[in-house]
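Undergrad: These are the residues of each chain, in order.
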Amino acid sequence: MRALSLRDIAIMITFVLGFFIIFEYFVKWPEVNTMASNITQACTVIAGLATIVGVGNLTRIHIRNLTRRGPNYLHSIVLLCAIWIPLVIGIMYTRKTPSYVYLYNNVYGPISNAFFAVLAFYILSGAYRAFRARTFDSFILMLAAILVFLGNAPVTGNLWAGFDPLGSWILNVPNTAGYRGVIIGTAIGQTVLAVRVLLGRELGYLAQKRE
Amino acid sequence: MISIISNRVIVLLFTVGSFAVLIYLMFYVGERRKKIFHIKRLPPIDAIEEAVGRCVELGRPMHFTPGTATLTRMEAPGTIAGIAILGYVARLAARLGVRLIATCQMPETYPLVRETVRESFITEGKIDYYNDEDVIYMPQVKAAAGLMQREHVGANFLMGGFWHEGLVLAEAGAIAGAINIGGIAAPVATIPFLVICCDYCLMGEELYAASAYITKDPVLTSTIAGQDYIKVACVVLILIGTILSTMGLTQFASLFAV
Numbered sequence: 151m152r153a154l155s156l157r158d159i160a161i162m163i164t165f166v167l168g169f170f171i172i173f174e175y176f177v178k179w180p181e182v183n184t185m186a187s188n189i190t191q192a193c194t195v196i197a198g199l200a201t202i203v204g205v206g207n208l209t210r211i212h213i214r215n216l217t218r219r220g221p222n223y224l225h226s227i228v229l230l231c232a233i234w235i236p237l238v239i240g241i242m243y244t245r246k247t248p249s250y251v252y253l254y255n256n257v258y259g260p261i262s263n264a265f266f267a268v269l270a271f272y273i274l275s276g277a278y279r280a281f282r283a284r285t286f287d288s289f290i291l292m293l294a295a296i297l298v299f300l301g302n303a304p305v306t307g308n309l310w311a312g313f314d315p316l317g318s319w320i321l322n323v324p325n326t327a328g329y330r331g332v333i334i335g336t337a338i339g340q341t342v343l344a345v346r347v348l349l350g351r352e353l354g355y356l357a358q359k360r361e
Numbered sequence: 039m040i041s042i043i044s045n046r047v048i049v050l051l052f053t054v055g056s057f058a059v060l061i062y063l064m065f066y067v068g069e070r071r072k073k074i075f076h077i078k079r080l081p082p083i084d085a086i087e088e089a090v091g092r093c094v095e096l097g098r099p100m101h102f103t104p105g106t107a108t109l110t111r112m113e114a115p116g117t118i119a120g121i122a123i124l125g126y127v128a129r130l131a132a133r134l135g136v137r138l139i140a141t142c143q144m145p146e147t148y149p150l151v152r153e154t155v156r157e158s159f160i161t162e163g164k165i166d167y168y169n170d171e172d173v174i175y176m177p178q179v180k181a182a183a184g185l186m187q188r189e190h191v192g193a194n195f196l197m198g199g200f201w202h203e204g205l206v207l208a209e210a211g212a213i214a215g216a217i218n219i220g221g222i223a224a225p226v227a228t229i230p231f232l233v234i235c236c237d238y239c240l241m242g243e244e245l246y247a248a249s250a251y252i253t254k255d256p257v258l259t260s261t262i263a264g265q266d267y268i269k270v271a272c273v274v275l276i277l278i279g280t281i282l283s284t285m286g287l288t289q290f291a292s293l294f295a296v
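Chains L and P, in that order, are what the protein sequence lines are. If you read the first sequence in this note's numbering, its first letter stands for residue 151, the second for the next number, and so on. If you read the second sequence in this note's numbering, its first letter stands for residue 39, the second for the next number, and so on.
Each statement offered as a hint is correct.
For the chain L half of the interface with chain P, some residues (derived, Cβ under 10 Å), not all of them: (1) Phe176; (2) Val205; (3) Leu208; (4) Ile211; (5) Phe265; (6) Phe271; (7) Ser275; (8) Gly354.
Here are some chain L residues the structure puts well away from chain P; computed CB gaps all over 12 Å: (9) Tyr252; (10) Gly259; (11) Leu300; (12) Gly312.
Residues from chain P shown here face chain L by an in silico Cβ test under 10 Å; the list is partial: (13) Leu124; (14) Val206; (15) Ala212; (16) Ala250.
Because the hints were derived from the structure by calculation, they are not lab data. Every residue gets a Cβ at the ideal spot worked out from N, C-alpha and C, and that includes glycine.
Bound-form chain L, shown alone (with noise of 0.2 Å):
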C-alpha cells in the first residue's frame, strides 16, 4: 500500500474544507456555522503567516546584495530600513506610538500618494495605444468612449445635451449586458475550477502536474 504523500494530504484537507464550506452556505445549523467562520478565520490567519516568509524573502535578498555590493546596493540599505525600522518600532511600541504615526503620515502615505498619482500617466499611455482604431473592434471601443467622456465632460452639455444621455445609454445597456454576461461566464468557470480542484484534478497550486 503506498504511503500517503504530502500532495495526497494536501488535496486531502482541500476536499474536506472545500465541500464542508459549501455545504455550510446553503445550511442553517448554528454548530456548522461557527465551525466555518472559524475555518475561514484561520485561513485568513494562515495566510497572514505568509507575510513573515515574504520579508524573509525580502530581506535575504537585500542582505546578500548589500554584502556582495551588487547592482544599486544602496537602494537595498533604503528597502530594508524601509521594512524593518517601522516594523521593530510597530511591534515594540504598537502602531499608535507616535513615531511609528510620523513615519506613516510623512513617509509611507506621501510616497503612496505619489505612485498612485502616477496611475493617471499609466492610464493616458495605455488609452493611448488602445483607441487607435486599427480594427472595427478598435473603432468602435474609441466610439463608445469619446461618447462616454463628452457625456461625462460638463463643458459638452452646452454643446449638445444628446451627450449626456447618450453616455449614461452606452454605460447602462450595451455596457451593462457586456458586463453581466462576463460575470456569469466567469462565475461558471470558477465553479468548474473549484470542482477540479476540490477533487484534486487541478494541481497546478500544488505545483505539480496530474500523473
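Using the hints provided, position chain P relative to the given structure of chain L.
TA: Just chain P now, kept in the frame of chain L:
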C-alpha cells in the same frame, strides 16, 4: 435544529446539478476516454511559446506575476489558474534557458510561486539554472515595474487577479519593450485595463480553461465541455425568466434571489 436556508434551495439544486454534470463528465466521459473534447484555440496561450522564443533570441529575461489578489477572497481562483500557467511558462523557460523573474505581490502566493518555478526546473532537469533570488516577494507593483525596466524584460506575463496594478505592470512591460500576455477573470471591473494594455489577453473564463488547454488532459477538457453545458442551462433559465418577468410573472426570477 438543522435546516436548509429557504431562499438558497434553488441555488443548492443548481449547484448540485452542476457538480453532478461535471463529475459525470470528468470520471465517466473524460477518464474513460468516451469522448475527447476539443477546446477552441486560445491565441494568448499559443503566444506564450512565441514570447519565450523572443526572449531567447533577444537574450532578455521574462517576468511573471500571479497578480495582486489574495488566496482568501473570491479572486483566488484566478490566482490558482495563474499559478498553473506559471508552471507551463517556467518549464518553457527552463527548457529554452531563459531567465524567469517571478514577482509576488501577495505574501501567500510567494511560497506557491517559488515551489512552482523550482518544480518546473526540476521537471525539465535544469535545477542548476534555478535561481531562488529570481522569485521575489514584491508587495509594491511599482517596484516590479521598475525591475522590469531595469532588466529589459522581453516578455511580461500577468496572470491572476489585478486591480489598478494590472495597468501599471502592463504599461511598464510595454515601456520596457516586452510582449505583454495577460490573463484576468476577477475583479471583472478591471478586465478592460489588461485587455487594452496587453498584446494578448485571456479574459474571464478563458483563464480558468488555460490549464486544460495546455495539458490537453481529457479529464480537464471534459470539464470545459461541462462548463458550456452549464452555460447553456443558464442562458435557458435567463430567457425563461426574462419572458415570464416581461409578462408580469416575477415568481420564477425571484426563486433565484439569494
